[in-house]
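**Student:** Protein chains in written order, with numbering that gives the first Met the number 0: chain A, 0 to 498; chain B, 0 to 166; chain C, 0 to 335.
Everything labelled a hint here was simulated from the structure, so no lab data went into it. Check before you lean on any hint, since a few could be wrong.
To be verified - Examples of chain B residues toward chain A, derived with CB under 7 Å: (1) Ile22; (2) Val23; (3) Ala25; (4) Gln33; (5) Phe51; (6) Ile58; (7) Leu59; (8) Val66; (9) Ile117; (10) Phe120.
Here a beta-carbon is modelled for each residue, glycine too, at the ideal position from N, C-alpha and C.
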Amino acid sequence: MDEIQALFHGFTVAAQPLNLVLMMVGILLGVLIGVLPGLGGANGVAILLPLTFSMSPTSAIIMLSCIYWGALFGGAITSVLFNIPGEPWSVATTFDGFPMAKQGKAGEALTAAFTSSFVGALVAVLMITFLAPLVAKFALKFGPPEYFSVALLTFCSFIGMAKGTPFKTVVAMMLGFALAGIGLDNVTGQLRMTFGTEQLLRGFDFLIAVIGLFGIGEILLTMEEGLNFKGESARMKMRVVIDTWKELPRYWATSIRSCLVGCWMGITPGGATPASFMGYGLAKRFAKDKDKDSFGRGNIEGVVAPETAAHAAGTSALLPMLTLGIPGSPTAAVLLGGLIIWGLQPGPLLFVEQKDFVWGLIASMYLGNIAGLLVVLTTVPFFAAILRIPFSIIAPIIIVICAVGAYTVHNAMFDVYLMLGFGVVGYVFKKLDYPLAPLVLALVLGDRAEENFRQSMLISQGNLSVFWSNPLVGSITGLSMILLFWPLISLILQKLKTK
Amino acid sequence: MNDSDKVERTVGVRVMEYVVAGIVLAFSALLMQQSDKIGASWASDGPQSGYFPFRVGAILAIGALAVIVQTALARNQTDGNFVGRGALRDVMAVLLPSAIYVAAMTWIGFYVASTVFIGAFMWWLGKYRLPVIAPIALGIPVALFLLFELWFKVPLPKGPLETMFGY
Amino acid sequence: MPNIYKTVAYALTVGAAVIALTAPAAAQWKPTKPVEFVVPAGTGGGADQMARTIQGIVEKHKLMSESLVVVNKSGAAGAEGFLAVKGANRDPHKIIITLSNLFTTPLATNVPFNWKDLTPLAMLALDEFILWVNAETPYKTAQEYLAAVKAAPATSPMKMAGTGSKQEDQIITAQIEQALGVKFTYVPFRGGGDVAVQLVGKHVDSTVNNPIEAVAQWRAGSLRPLCVFDSKRLPYNDKIAGTMSWGDIPTCREQGLAIEYLMLRGLFMAPGVTQEQVAYYVGVMQKVRETQEWKDLMANGAFNQTFMTGDAYRKWVADAETMHRAVMDKAGFLAK
């Protein structure tokens, strides 16, 4: 097999001492970037890009992609410990990861998150290694209608998940859509809902909403409950890792499902964030009835599912970047800029003309993820121990870091005020049982979905049948409908069975 | 509900439900009015700018009304207390300093504000002594300064003190 | 002291001061803290790439005493970035790189800023635009394609994809429509890369991508360039795709489509900065232009390497604004 040979050649490139050192540096930097909210993977890579201009392209991309892996791993840490997603794709991880930490199982949650991230990434790299040319062509089939149907599928796989009254779910989701619509309308170039203010021009970045709703909101709730996180009993031993590993194989079905979702979303390129939501939504839907209620209350499967999907998507997002020159994620977009500056041309010919580079990168994906896993796993006890710090010390530090995060997203003070406002909203909503997940999901995917819908309408001259116009888009739309009406369908199936 | 709750009763859950739903309702009205202004119909080449926001606003209004009706129908159930007085005081003890901290950042810069905020928080709520407070309150902003200003070169808001040092 | 002496002494002092100010002007003022390099566009786009390349070059060759920090302020089609620089009155530690949204955003959205609110620094280069179709379509020349556009039924016009709405890509599309009396369906996407791939996937019929956005697909044989929107052919003769070089692409004018459009890649500073401060950055940029990395970037993206400063630059920008206003007015893109 050519691929195997090329890959081995790649390993010899990636395993040069200098590259190995850069790999470790990259992972550590990445974890740091992932932990600090706001300073996301894309920003981190963009900031460090100029440093790499004096390196060889291969060394540079190895280091930068390792920052990317590190950021993917690191995003889970604050989600689990403090309910603050460091990265957009870690939002779904908070749903069960944070309750686990509250129950004193932060170690388990982190181990599960890191391990599933690794599994997701590994599957995606294997796919890149052996199926690159095949799947690259598939991505070309995705036009606006297909993108919209994918967004629809994400919403449908997530709908009906929330507890409480359906009206509050509707209100939360619509608020998300409304906030997503604020700012410039990309399709017509018109400003919406800005009231002539400069601050609203840039719209609502969902990271700011999430830092406020989840992070600050949680601190307010904790204050009310009496000044401490409940995670003080977090165990500190490495044994946690081993024990969790013994438990993980049970969730193989969830893993496989999330890997598929992730790879697919990465290639198409839907991105890691929708992938993580979809992974979570599907895991819950396919869970046994008795387990369904435990989702959102510290079910380890609720950590495995989004993390696997996010990492699989984050990794496979590099494939369309390499083969087509389209970035599957914002970070990939920055890396793409890097390729051009190093004098490489991303695109179909990269695999032919720059073998050393491509296979060195792919080999570094294997090595980098292994190195990343080892690094982050050894830090599990350390991070779990953070929860033992008294609340009156850790709370102001969390608020300070939230403020940094909110500020760095757009370098705007207004966003910091907004974050605090969202904190109050998060607190009140939580107390009144308005679900936050639909709000965040709508805020993340809302504007993209609308844009894709309207692009489709432009292309089809306003004909809705475009969403059924070919087998690909038709089957995705069909699948969404099945998921949407699943409760009804399963009811009918049950009736038929009993007859 | 026990007696102590009754004593420190502040505001009922039901009142809060009305207030929140009311705010949402007002927001939805604003959303629909604004969307209507920029065109909310289906043009020949698909929906206009305001098409989706308008409908989102309409659904939002229906949802908020439904919540109000639901709350009203549940009138004969006992009304819980939204937040106890003591708890409210605790929440405010975080919220107010945070608000002051965020507001102060514009004038005295991020780093100074953070030092004061962490220090004050630990002193006030944690009742720590200066030897514990000082290293943390000074250490965290310094670490962040090294990380953001020097290493990643991400500028954070700065005040007179940083200007004095030439930043 | 007689008056005459006073006058002479005065003249001498002033003269000395003037000499001191003008001669080594560039060496006189220096940034005293890190300089913010504002990009009014997202990470990964053309302007961002150029800004980060400059940042890398400055860092690598130590062209500035203080570091250059790239900050993306892409909100509302770049308005966020321009407003930030406009608001930083007399702050010499902020520069901004522009694209056509310097003109199009205020015209299309009424957001209150104008290039006159900023201090022009230098034009770094001009970005070219090329008309592309999918290589599997039968159109070998711009004439053939445009004939097909004309022949398309009114119910399903040809689809042109581009970056953003009421920005450079749509303006060129509108210019073609106005020049030939044809009609396109313009479909806006978020970035040039997306646009190129939509064309490869045949979801749209043509694009007006910048060279750098579509070159990879051209080389891979999936896209075909039809004509370049410039007054003369591109001066790059290295073979790019098969036997073709950039220079082999005819101009649109040769093909009977008299449209020229070049996008500004220029720098501006905050209002109220001194001539000295402008001179410092012009000096830095001149050094940047001499590096190999810069030349590589120019060749990679087939840029038009016009460099302008001072009044020439100011005039170019003023003319460009007039042109944008006229075209956008005619196309109905102006904000009410």
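**Student:** Going through the numbered hints above, which ones does this structure break? Give me the numbers in ascending order.
**Tutor:** Hints 1, 3 are the ones this structure does not satisfy, whereas the remaining hints hold.
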